[in-house]
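Trainee: Okay, here's what each chain looks like letter by letter:
Protein chains: 2
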Amino acid sequence: MSATAPTSEAGAAAPTPQARVPVDLAANSYDILIGPGLIAGAGATLAERFPDRRFAVITDTTVAEHHLDALAASLTDAGLGYSTIVVTPGEGSKSFSVFESVVDGVLSARLERGDLLVALGGGVIGDLTGFVAGVVRRGMRFVQMPTTLLSQVDSSVGGKTGINTRHGKNLVGVFHQPALVIADTATLDTLDARDFRAGYAEVAKYGLIDDAEFFGWLETNWREVFSGGTARVEAIARCCRAKARVVKIDEKEAGPRALLNLGHTFGHALESITHYDAERLVHGEGVAIGMVLAHEFSVRMNLCSPDDLARMRAHLVEVGLPTRLSEIPGDIGSADDLMAAILQDKKVKRGRLTFILTRGLGASFIADDVPPEAVRAFLADKLTERVAA
Amino acid sequence: MSATAPTSEAGAAAPTPQARVPVDLAANSYDILIGPGLIAGAGATLAERFPDRRFAVITDTTVAEHHLDALAASLTDAGLGYSTIVVTPGEGSKSFSVFESVVDGVLSARLERGDLLVALGGGVIGDLTGFVAGVVRRGMRFVQMPTTLLSQVDSSVGGKTGINTRHGKNLVGVFHQPALVIADTATLDTLDARDFRAGYAEVAKYGLIDDAEFFGWLETNWREVFSGGTARVEAIARCCRAKARVVKIDEKEAGPRALLNLGHTFGHALESITHYDAERLVHGEGVAIGMVLAHEFSVRMNLCSPDDLARMRAHLVEVGLPTRLSEIPGDIGSADDLMAAILQDKKVKRGRLTFILTRGLGASFIADDVPPEAVRAFLADKLTERVAA
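First to last, the protein sequences are chains A and B.
Quick note on numbering: our numbering labels position 297 of the first sequence as 297, and the sequence is numbered without any gaps.
Quick note on numbering: our numbering labels position 7 of the second sequence as 1007, and the sequence is numbered without any gaps.
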């Protein structure tokens, strides 16, 4: 793509993305630009939208290897000044110490209040950069340039930022909306198959929450989403639109935004119990298993039909995602251990559990006050099945 | 005070404060309660306003010695559950490492989203606690219980929170409004005279900004403000009302809120150059000297009459505040060093300086685009005077 016309100024005209999703949040509104090749034109896009600003690009060594040269060339072509801060890849960088060092890097770069950070990478880079942007000088603007499927459909949209603590994931952060999201869908071709699949769990989630038609579309078109092409852009744009709708009515997650957590209460507990060890389980895999558990628990509560459970599981299996606790290697503790991890989740109030349950495919709902004992018993049974498997 | 009537519930009725200043910020509105002895009734006040909540009290060892027993007894009497986190006194606690340890303490206390932090102490405790509250679980509520004059009139009001970095003071933080401020004016009797005087610089500031009548009232009544009594409550309430008015129209300091920085650009530079060493200079002393410098610079720019400068300086001298660079012990660097400190301030945009200057007593204004060279030459002259002094 990148239909760039030469201009009389430095650099080329901003490229036209294949899709643009506006996120309508009053003073915090922003656009999500989606399409292949957008990084090559990012300098022109940023120069057009944020004239006379300086930038600090925050990325990790893996992403830098694939995409930093293209972004740097594009910024230089557009005549933009920038600094680069490169961190170690992986969840470990969502730590207090990396947070402190990135803050120090931003301040050393002498960025001022009107300047912008650019998060070039996956969810870790986006969450970390967003948090840094949210607190340096009590709030700087930032641009998300997500390079994974997970971050293009989920973590780069909606303004949740944060780092992890020994008590759990994302327990420290702020709500801070990006000023722009540039999702270059060609970057997904550099992902390994496992990471792409993990991100796809969040894509399927949008169907399972409230859009059975989209889930059906995915059952038909998932191969093209994986291989690239217009179905990929369409799938990402649909997810972003769905998330934008929810975030618009509930920016700070006081209510319906919780639906986006389908599969996440179980998923986070599984990530916690496996110590965020990406060798054993990555976020999207936890969400895939978590969504299946949410459907199984809903079947057990006579809320959801076994057929809908079977259909959603079959699709996740077809694309190659794990759907059973037995697929997690190593020890995952007892039902009590999992319950302890669940109870430390941000979504717990006074020991009462809020779960996203479902009445069928695309019919998820927020269930307040789920009896912890029922969840514990359910998990104990699942763990028994795991041992038997 | 503390007209407490026994009730049928646990604890006593909430005490009636001598003054209540509402801060009107739509969804973020809150009250400032002011009067002697309010800590003894704080449990009842909190139980009434935040029923069924748990609390984590964050304080320092010095403040704990004077006031923690009274607060703890009051919380216990009111049947409230609480944890206590005690840090080292002083500016050094506004650090990344203490921030991390307080976050850890709050999470270890198993507070949930609806629960509250309580900042019992001066500006350091308030800024640190407010920042922790602003980021734990992406935002918890907190109560300010300021125990210094400075924090009662300034830092506990308005929602600025933050910690320091090696690049400067308060460069990392969020805007996060407290849910309530309880200013027990009797706590000021435990301050040493120097700290009280330093806080008084911020009291005088409210007169110098835009209220010549209040400045005149202070010239008459300052002794009673220092000794305690109704003039103290009145002075604090007037300062809080003035700050609340400004914060209401400009919560995030996009415009007129900058007036509150009268004396602070110079003052912060002096704090920075003395390495925040409280032996040499505390914040209020930096502000006192900074306000005099702002008036002197305004006189030099033919904006302010020398008589108004003489009058404001005379009052600060009368109460015992420093007003000259020569009163700062030790080396304070060159004019270039001070300029470098000024240029790292948050208020700098593209190297253009925004200063609060004045056209006379109570006639301060925001001056954009002050020529840096004029400031440098002015500081060079002041430093020469200092050496001569």
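Hints were generated in silico from the structure; no laboratory data involved.
Heads up, a few of these hints could be off.
[Claimed, not checked] Below are the SDA-like pairs computed for lysine to any residue, each with C-alpha atoms no more than 20 angstroms apart in a straight line: (1) A/K252 - B/G1105; (2) A/K252 - B/A1026; (3) A/K169 - B/G1105; (4) B/K1252 - A/S334; (5) A/K382 - A/S334.
Trainee: Evaluate each hint against the coordinates.
Mentor: Each hint tested on the structure:
no.: 1; hint: A/K252 - B/G1105; in the structure: violated, 24 angstroms
no.: 2; hint: A/K252 - B/A1026; in the structure: holds, 16 angstroms
no.: 3; hint: A/K169 - B/G1105; in the structure: holds, 16 angstroms
no.: 4; hint: B/K1252 - A/S334; in the structure: violated, 48 angstroms
no.: 5; hint: A/K382 - A/S334; in the structure: holds, 10 angstroms
Hint violations for this structure: numbers 1, 4, all remaining hints satisfied.
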